[in-house]
Amino acid sequence: MKKPEWLDEDAGPVVRPFALIRGRTRSSGDNFDLIAVVVPTGASAPPEAIIGPEQHRILELAEEGVTVAEVASELDLPLGVVRVLLGDLKDHGLIEVRPPAQVSPLPSERILKEVIHGLRAL
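Heads up, the sequence shown is in my numbering, so the first residue is 1 and it goes up one at a time.
Errors might be hidden in some of the hints.
[To be verified] Quick list of the computed label-pair ranges, beta carbon to beta carbon: (1) P100 <-> T41: 15 to 23 Å; (2) L79 <-> H117: 46 to 54 Å; (3) S108 <-> E64: 16 to 24 Å; (4) S108 <-> G65: 45 to 53 Å; (5) S108 <-> L34: 25 to 33 Å; (6) E109 <-> N31: 28 to 36 Å; (7) G42 <-> K113: 46 to 54 Å; (8) A49 <-> K113: 56 to 64 Å; (9) S108 <-> P53: 29 to 37 Å; (10) G118 <-> I35: 33 to 41 Å; (11) R57 <-> A121: 53 to 61 Å.
Calculated directly from the structure, the hints in this document are not laboratory data.
Beta carbons are placed, not taken as given, at the ideal position from N, Cα and C, and that holds for glycine.
Generate the whole structure from the sequences, applying the supplied hints.
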């Protein structure tokens, strides 16, 4: 089994996940749904933006459209950390987080009964 890049066998974790986000636990990404889709905006990073390697990886993943849960899995980071990283990218205008697609409502019971009766009549 391949060990995560941020682990050192002798020393333990080299960079703790929450060090990546400078100890912050809140961001504009707190409300992102697990199945919301992350896509790039195509904008350039503003000069004041500090984009770390994890955020560069998120931008790469977002090229194909990826869910918040998939980002956390791919980066092997806790969801809270990923939400802060995503929030930072969104605040800089680099990504857009789209809500999950709406599922169409289920057909009514009356329609289902009519279909069943129609099939039985055949």
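May I ask which of the numbered hints given earlier this structure violates, with the numbers listed in increasing order?
-> 3, 4 and 9
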